[in-house]
Amino acid sequence: MDAADVLPGTLDVLVLKAVSGGPVHGFGIFRWLERITNGRLQVEEGALYPALHRLERRGWLAAHWGISDNNRRAKYYRLTPRGRRALLAETARVHSSIAAVQRVLAAQV
Amino acid sequence: MRRDLRSELFGERLPADVDDELAFHIEERARALEADGLSREDALREAHRRFGDAARYRRAVSREAGRRLFRARWVERLGDATRDLRYALRTLARNPSYSLAAVVTLALGIGATTAVFSLVRGILLHALPYDHPERLVEVYEQNPQASIRPLSYPTFQDWHAGVGDAVEGMAFVYGIAPPMPTPEGPVPVLTAFVSEGFFRTLGVRPLLGRLLTGEETATEAGVVVASYDFWSRRLGGDPGAIGRTIVLDDRTFVVIGVTPPEVAYPSWAQLWAPLAALPDAGRRALARRDRHADAAVIARLRPDRSLSATRGAFAQAAEQQAATYPETAAGWDVVRLNRLRDLVLGNAPQRLTVLGLTVGLVLVLACVNVMGLALVRVTARGRELAVRAALGAGRLQVIRLLALESLVVALAGAGAGVCVAIATTRYLRTAAPTVLPRLANVRVDLGTLGFAVALGILVTVALAFGPGWVAARGGPRNLLGTVRAGHADRATGRARATLVTLQLAVALALLAGTGLMLRTLSALSDVDPGFDPDGLLTVRLQPPAARYDDPARLAELYRRVEEAAAQVPGVGRVALSNHLPASGSWMPTPIAIDGRTSENATDQALFRTISPGYFATMHIPLLSGRALEPGDLAGEPVAIVNRTLAERYWPNENPVGRFLTVHRSVQGRGDFGEPLRARVVGVVGDVRHMGIDQPLLPEVYLPYTVNPPTWIQLAVRVPGDPGSLIPPLRERLRSIEPLLPLADAFDTLEHRLARGRAPRTFLAQVVSTFALVALALAAVGVWGITAYSVARRRYEIGLRVALGADAARIPFGIVAGILPAIAVAVPLGIAAALAVGRVMRSQLFGVSAADPLALAGAGAVLVSVAILATYLPARRAAGVDPAEVLRSD
Chain A
1 MDAADVLPGT
11 LDVLVLKAVS
21 GGPVHGFGIF
31 RWLERITNGR
41 LQVEEGALYP
51 ALHRLERRGW
61 LAAHWGISDN
71 NRRAKYYRLT
81 PRGRRALLAE
91 TARVHSSIAA
101 VQRVLAAQV
Chain B
1 MRRDLRSELF
11 GERLPADVDD
21 ELAFHIEERA
31 RALEADGLSR
41 EDALREAHRR
51 FGDAARYRRA
61 VSREAGRRLF
71 RARWVERLGD
81 ATRDLRYALR
91 TLARNPSYSL
101 AAVVTLALGI
111 GATTAVFSLV
121 RGILLHALPY
131 DHPERLVEVY
141 EQNPQASIRP
151 LSYPTFQDWH
161 AGVGDAVEGM
171 AFVYGIAPPM
181 PTPEGPVPVL
191 TAFVSEGFFR
201 TLGVRPLLGR
211 LLTGEETATE
221 AGVVVASYDF
231 WSRRLGGDPG
241 AIGRTIVLDD
251 RTFVVIGVTP
261 PEVAYPSWAQ
271 LWAPLAALPD
281 AGRRALARRD
291 RHADAAVIAR
301 LRPDRSLSAT
311 RGAFAQAAEQ
321 QAATYPETAA
331 GWDVVRLNRL
341 RDLVLGNAPQ
351 RLTVLGLTVG
361 LVLVLACVNV
371 MGLALVRVTA
381 RGRELAVRAA
391 LGAGRLQVIR
401 LLALESLVVA
411 LAGAGAGVCV
421 AIATTRYLRT
431 AAPTVLPRLA
441 NVRVDLGTLG
451 FAVALGILVT
461 VALAFGPGWV
471 AARGGPRNLL
481 GTVRAGHADR
491 ATGRARATLV
501 TLQLAVALAL
511 LAGTGLMLRT
521 LSALSDVDPG
531 FDPDGLLTVR
541 LQPPAARYDD
551 PARLAELYRR
561 VEEAAAQVPG
571 VGRVALSNHL
581 PASGSWMPTP
591 IAIDGRTSEN
601 ATDQALFRTI
611 SPGYFATMHI
621 PLLSGRALEP
631 GDLAGEPVAI
641 VNRTLAERYW
651 PNENPVGRFL
661 TVHRSVQGRG
671 DFGEPLRARV
681 VGVVGDVRHM
691 GIDQPLLPEV
701 YLPYTVNPPT
711 WIQLAVRVPG
721 DPGSLIPPLR
731 ERLRSIEPLL
741 PLADAFDTLE
751 HRLARGRAPR
761 TFLAQVVSTF
771 ALVALALAAV
781 GVWGITAYSV
791 ARRRYEIGLR
801 VALGADAARI
811 PFGIVAGILP
821 AIAVAVPLGI
831 AAALAVGRVM
841 RSQLFGVSAA
851 DPLALAGAGA
861 VLVSVAILAT
871 YLPARRAAGV
881 DPAEVLRSD
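Listed in order, the protein sequences are those of chains A and B. My numbering puts the first sequence at residues 1 to 109. My numbering puts the second sequence at residues 1 to 889.
Keep in mind that the hints were calculated from the coordinates and are not lab data. As the structure is a prediction and not an experimental result, all values here were calculated from the model. Just so you know, even glycine gets a beta-carbon here, dropped at the ideal spot from N, CA and C. A couple of the hints might just be wrong.
[Claimed, not checked] Which stretches of chain A does chain B cover? Using the computed rule of at least three CB atoms under 8 Å from a CB of chain B, they are:
id	segment
1	39-46
2	68-76
3	84-91
4	94-100
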């Protein structure tokens, strides 16, 4: 199995996790996710942006315009304190739901 | 175009930023692919493929970003408003005396206005509890003198058949008050015996149980419908009261239903019973065509027929009746239809108009006063506002700042005003029941609250665009200039003078209104009632009709009661009469004079029956002839007439020894209406029988034995406190006839007269209270403006004194400064006072609406108060030590 769809409802928590390391632009977030998953993440790159803006509106991310490594104007995102709390909560939620799925699949029928 | 607008709206180049962000991603991806060895062209294509549908993502992102920015903008605006509000609150807190004065003044104005609004809403706007109450009318016969009388039952039957379906319904009501036994002794219960279709005509649904059926009204069924009031007081408000029995005059009735509150037709009705169940005495009276008392006829107009069209349908029946029965109906050939609404409301619309006008003026005055206070503050804060203006705050922003302060003040005033309104309505409900009807409907609720808040906002607008405009006018240069020059800005000075003029004018109008009410009260107290009401106790005696059906027995009971009452220690003279003055009861009789040819059916007098001691007991002067003597009770019929009757029928002659014919006018007697020829033996002074403010009427006094009434009034002259004699009298009367209902029978004539005066006394109190408030506000306004202006002129005054001006003359110069305002305010106030007088006219008595004395008095009081309010601060200013003033500045 070399490709994986993003589990429904988990894109937000993946983005929060990616941003938690410090200010980063959208492309940087995607590159990080690619690297961590060894490129097995199957998602259209554009789908990242509605998620980013939704999180920004919700107040979990804050954004500012900065200059990228290769000297171009880029929008950088970072976690707000509320975003950090949301990341913890979401992580726990995803863990428990995955654990539940695994337990079901491992069970004797 | 659209993009520009959005950018401007949200303060951020929104779509461009979204495009930049997405483009950056694709560009970075392409560069990464290029670094992996793809050609530029392939790299770009691959980057676009991986990105997906860019247009769709762009729309989704834009939507999210738009929402975010929109919200951010509102948060910012709210923040601005909160900051301004906090600033306004801080400013107000720093000036507690201003804030308190403004809030209290507005609370008074808004509270009084709101209270009157709730009165108007409850009394005038709240619908009567009937189906389409506007279609209900009372039906009367009218004669050429515009007197009216209710129909007799035979007439009602003729007319009912005559008009057919020209009305939707029509019903006859006959009232008696049979005694009902209660633990406190027998109590008379006002019962309406109604013809078929009464409740359908009235348009009422029962609260409990059911109403009378057609079958019941046609038979003698012993059933009654209770009014809400009777149900709650006598049946304990018990929902299970349906089916219970009550005893009226020894007959048992079953309660079959209860009407909703406020259903009261006729207004006195406590119970409704079928007309066929009327006791025998009543039924005998009902059969008579000349019986026009204790009855009422109500009709419901058809929706497609106007009042005048309906009157036309009745006219024919009336003319026919007058032609067929000339002996009872000649002259009574006009039909009068009175709307039920007018009957219920009575004088309330006029009284409420007076109240509304008064509180409206007070509200205007309160606004003007607060405006004046605000204006002084604007001037005092000139430097702050000027700096704001100089730093670029627009006129609207300065106004907004001041408006926010005004809003805080006005809403606080409205809040406190609601408390004032609650207290006022509570007071009015207990104080004014004889003055205004339907007070039970008056309550302070959400509608009232909304009204108060709306008034508060209105006041805010007035306050903001008065002083705010003045302050912002002319921009920073003007404001800064004001401060530097150290004297009042001309615009604010003029504005303040205008406000003071307005205050004085309003105060003058209210003072004149007070003058009119005081003159009315004094005119009323100058009226000679014709008897001495002091120390007169009255007792209403209503023997059970079933036991005293025989006139001789009734007369004997009355004689024994009179005798027994006179023996109670402490009682002075005692007398009987069918109707006492100011009791609201009377009975007209046609009158014919021997030797006079111009007899017609409209010659009328009040039919009075009395015992021999009556004139002496009431202190009614005997003008000629003699009073009634004990021998007259059984002998040849004699009559005594009042002065008005004597002068009308025997001008310049002595009526003693002449004969007149009246008709026996006593409820329920078999000989009701039969002519009685009597010799006049005396003339007595006039009595204001219908009330102090009512015209004098001809009266004929006859011995009560000519036709003993089914109920009678006992008048007892008491030297001291009438109340102390009630227990022994009750005891004594009960020993004569234990079934006499005496629970609510006692009253004093002084009380009755006071009840007649109550509406005017009440209005006088209200108007004069507000006039005093208005005068005080105006005085404070004048005092304030003077104190303020002399404070600013301290230096100038000091200089003048130092240069040798006569210090004693300086105050007069300052007082002269207020004269122009007075000169404008007085004619303005008089014009307003004339308008106030016109509105009050229906409530005045013995004084014209443009009474010169009231106007002059009001003017004099106003001018002296205004001058005094100027002189006091002026004198203090002139008393300063010039050396000190000149050194300090």
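Taking the hints in turn, this is what the structure says about them:
1. 39-46: Coverage by chain B holds for the segment 39-46 of chain A (3 residues, Cβ < 8 Å).
2. 68-76: holds (count 6)
3. 84-91: This one is violated; 0 residues, fewer than the three required, reach chain B with a Cβ under 8 Å.
4. 94-100: As far as the segment 94-100 of chain A goes, the hint is violated, because 0 residues have Cβ atoms under 8 Å from chain B.
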